[in-house]
Amino acid sequence: MGIQKDRVRFNVGGRIFETSSTTLANAGRNSFFGAIFDENWTLQSGHSDEYFIDRNPDCFAVILDLLRTGELYIPANIPEKLLYREALFYGLLDHVRSAKWGQFDGNRLRLSKSITGQAPGDGTAIRAGPDGGCCVAHGSMVHVYDWMLEEHAPITLDYQRVNDVGWIDSQNIVISVCERLGRGDGGMGLFSSSTGELRDKFQVNHENQVKSFTAGALSFSSDYKIFSSCKGRSNEYGIGVWDQVTGKQIDFFYEPPGWSLGDADKLQWLHGSNCLLVATLFPRKDNCYISLLDFRDKKMVWSWSDGGAPITVDEKRVRDAIAMEENSSICVVNEFEDLGFMDLRSTAGTIRWSSRSRLMKGNNMPDEPCYPKLALHEGQLFSSMNDCISVFCGPEWALTSRLRRSYGGSICDFSIGGDRLFALHSEDNVFDIWETPPPPII
Amino acid sequence: MSNQKKRNFQIEAFKHRVVVDPKYAEKTWNILEHAIHEIYNHNASGLSFEELYRNAYNMVLHKFGDKLYSGLVTTMTSHLKEISKSIEDAQGGLFLEELHRKWDDHNKALQMIRDILMYMDRTYIPSTQKTPVHELGMNLWRDNIIHSGKIQTRLLNTLLELVLKERTGEVINRGLMRNIIKMLMDLGSSVYQGDFERPFLEVSAEFYRGESQKFIECCDCGDYLKKAERRLNEEMERVTHYLDAQSETKITNVVEKEMIANHMVRLIQMENSGLVNMLLDDKYEDLGRMYVLFRRVQDGLLKIREVMTSHIRETGKQLVTDPERLKDPVEFVQRLLDEKDKYDNIITLSFNNDKTFQNALNSSFEYFINLNARSPEFISLFVDEKLRKGLKGVSEEDVEIILDKVMMLFRYLQEKDVFEKYYKQHLAKRLLSGKTVSDDAERSLIVKLKTECGYQFTSKLEGMFTDMKTSQDTMHGFYASHPELGDGPTLTVQVLTTGSWPTQPSATCNLPAEMSVLCEKFRSYYLGTHTGRRLSWQTNMGTADIKATFGKGQKHELNVSTYQMCVLMLFNNADRLNYKEIEQATEIPASDLKRCLQSMACVKGKNVLRKEPMSKDIGEDDAFFVNDKFTSKFYKVKIGTVVAQKESEPEKQETRQRVEEDRKPQIEAAIVRIMKSRRQLDHNNIIAEVTKQLQSRFLANPTEIKKRIESLIERDFLERDNSDRKLYRYLA
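Those sequence lines, one after another, are chains A and B.
Under my numbering, the residues of the first sequence are numbered 1 to 442, in order.
Under my numbering, the residues of the second sequence are numbered 1 to 732, in order.
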């Protein structure tokens, strides 16, 4: 482009801006600015050295600063939505998103926003999407929010009760719902996150016959498989496996007698060991069952159950479980938020409880308690209890942070993804978005 | 009705509806359509990007996305139809160039269209799941140009024709070719594969099928391989120049199959130039080529290995069983070494040091070396020869190399204990006669044997060396305690431990009086310093240096064996002695005496005695005189003994028997060791384990093992199980 052409003059909606082509190069080729400077488009300008753009100059200023500094600062007089719209015009919405909040760190989270929805009843689940959006399941509806927290068309599968939701990617959501007996309704469906339309409905075959089923917990693997716990009639309990690309069922792991798979509360795909963690927890069944399944040779490679163990006075029932592959262990939590650990390398697993719960003692139990939940993100362990979320770090899982908000009641579910943490409260239909602020200037 | 008429003054409900100019969409699209035309007509300089981008943005924003999209499809399709026509009209060689130019144009136009419609690409297309603009442009090009009836086959034929031209040596425009192939790849792998790659592979297979047939009729194996290699390289080069990298394995597979796999056996067995001939003539380059090419196809190396193995076995078998070759053991072993060197070189230079080939070579050698029962003896003789004189003036490293080679042959031997027997004999002779060239070399070989077979194998050999050293000290002590012996004959005694040395049954001969006195003195000295020992003289192994004066006063120092000394000393007191007299006086065993006389009377240049009658052989009635006319250029004359270097038949039998005898305790020891740890074992397993344990020394014969087991049962080391007669139990 030559040195003398490095300076660029824009007339945006009547205001003159001057910048350099190097600044504009930060926009990338797939943007308005990338195209306008491509040699195919010998720049047209009415006046000799000025390019007119018929857009809002205030937003242009913000976006130009974003290109200059890589940071986003939105003045109070500009509505966020307007800025997003302008950014979308220039093809820079992704730039705005990645500058809006920083890289996730459980110990530096700040409450960014709370959203109140209109759905009646308690929330079932909240799931963070890969690009900062989320979806919330209430009864038979799933409400979808993009990263700008704009609500999209809700998702429903035959208006059946939703058991679990999951993002395959930023465009696709899978929901699992109860079956409606005798109608073939329910099961599992793949939806577009932006339009809410049904793209694929998954089916289960038993002995070459399509059967209706209730889909429970979901998990996805990096090799494009979908896992779901399934309940069909009588002995059609187990874990179904589908191909994300073709939508076809490719495997089914039947529940062995005396064990529980089809009722599972939680599935977790373990990349390192190519296994699926399946956990059925109290009180869905009278006992807790946790197992690792290897689908390649159809084997249960690790299992644990509290069945048969004597019930002690200070009864500790496992309420959530999460596998931590790096530590070769499973972390579990009971209703007093005690963390317990099991070694995945030994098959005779016993839980090593840590007595951290004393920290919590003395708190008044809220009116409507929720069971604790666990999440793991880049070496940080998160556990929700009542109305707050605790963050644990380090090899000994020291308690390092606590996230709490004053209203909304107990947290019934939370999820981490797209560098955000979403926490769903059981009352008032409200969910919180926690973000890590962008790094400090110096 | 009437009521309504009356109420016509009613204010209409306020409809909050923004009415957009109904022609708005049409107008905006016209602007964009015009722009697309201009872009395709290379007339874009008059267009304003900002305006077009804004127009497309507005259409999407105002929900005219579908109109914009369908308009794009229609406009682009109509342009592509025009382009298709102009490509069809291109004549002959210009066809590809026109296609390429238009493809370039289309790509550039597509990029610009995509720039204008960027907003649609980002928002409208993902939410409606339509094909993105770039992909759409590719698909439309594919459907309207590449798959149009008049272009599709013409394109394929042109491309294949160009490849054929290049294969037959013509120069083609590779750049253009690359661009066209690149276009097919850009259109998706299915287009590249379906419209080019698959037919290309088919045509190639046919081409190489024909060519290989032609070559194999008229070329010898080496030439054929050269041609195949060149073709293979050409195809790989072709891939790097203008095909998709993923085609490489496919096309090389075709060449491999047609040119190599289909003709493998014929190539290997080709008369006068096949594998065997290459091996015989050390054609490293051709062999290397064959290896590299055959490695590419399944079972290729296996075939080479099979033929090589059977060839080595065959030639090796001839080598070790040819009676002519057995005459000279040194030559025999040298030939084995040469053969090994030859194949080692081939494997190193041509076969990439392939482990499987090395193994095949080793197993072949093991196979044929053991075909000849005398191999252990010959190898020991070879070492003997080398250690006696062969290594004179050879550097230490070279000695090591030769010894390592010998060790390699040794490794092939199954009957290592036989080798040990012979080696011991030969070593004893070397040590006693002081013939060994280098102590270091001797010791180095023993270290090698030790690492190969363990301490047990060499302990006796090492004992021999110790004896030699101790004897030296003893002699010093002896002469120090008898200073009066300075003038008389000098006696050097080597005290050998029984058991360490190969004992040869020998009748002691009568020593001359001077010597027996000396010997007695040594005996009393030795027994005086070592109690509880017994000394017996091995007169068959000694040597002597004696001074002799002949008829005309010529003086010589004669280096002779102890037996020869005894005989010669008799002539101090007599001029003429016949055989019987000598035999009586010396009591030397007849065969030794005959040999000793033969070497003194019948060997030219060494004939210190004369014999009557003159003949080659010694008869019972022969008479002997001192040869007064004996002359020699040298003062010192070494009178050798006519030795049977190789063992005579009865001796061989005897060695054999001794070996068998020695094996018995070893087998028994192995059985006991195994049974002690296993407590009980069935017959077949014992045999297997014993064989395995003794493998490093010899190949145990199952019947012999069975005999040993029986002997052990008799001696109550083992017992048979009462219910299962095949099961043995160890008795502590």
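Honestly, the hints are just simulated from the structure, not real lab data.
Where hints are given, some of them may not hold.
Unchecked claim - Derived Cβ-Cβ restraints for the label pairs, each shown as a range:
#1 169/A <-> 58/B: 25 to 31 Å
#2 297/A <-> 725/B: 55 to 61 Å
#3 54/A <-> 93/B: 47 to 53 Å
Stated by the list, open to error - With a cut-off of at most 27 Å between alpha-carbon atoms, the simulated DSS-like pairs for lysine-lysine come out as follows:
#4 63/B <-> 81/A
#5 638/B <-> 616/B
#6 130/B <-> 248/A
#7 676/B <-> 638/B
#8 201/A <-> 130/B
#9 604/B <-> 636/B
#10 225/A <-> 130/B
#11 327/B <-> 303/B
#12 460/B <-> 547/B
#13 85/B <-> 63/B
Quick caveat, the model's predicted, so the values are computed rather than measured.
Beta carbons: idealized from backbone N, C-alpha and C, even for Gly.
Now for the hints, and whether the structure bears them out:
no.	hint	in the structure
1	169/A <-> 58/B: 25 to 31 Å	holds, 30 Å
2	297/A <-> 725/B: 55 to 61 Å	violated, 45 Å
3	54/A <-> 93/B: 47 to 53 Å	holds, 50 Å
4	63/B <-> 81/A	holds, 19 Å
5	638/B <-> 616/B	holds, 20 Å
6	130/B <-> 248/A	holds, 23 Å
7	676/B <-> 638/B	violated, 57 Å
8	201/A <-> 130/B	holds, 20 Å
9	604/B <-> 636/B	holds, 16 Å
10	225/A <-> 130/B	holds, 25 Å
11	327/B <-> 303/B	violated, 36 Å
12	460/B <-> 547/B	violated, 37 Å
13	85/B <-> 63/B	violated, 36 Å
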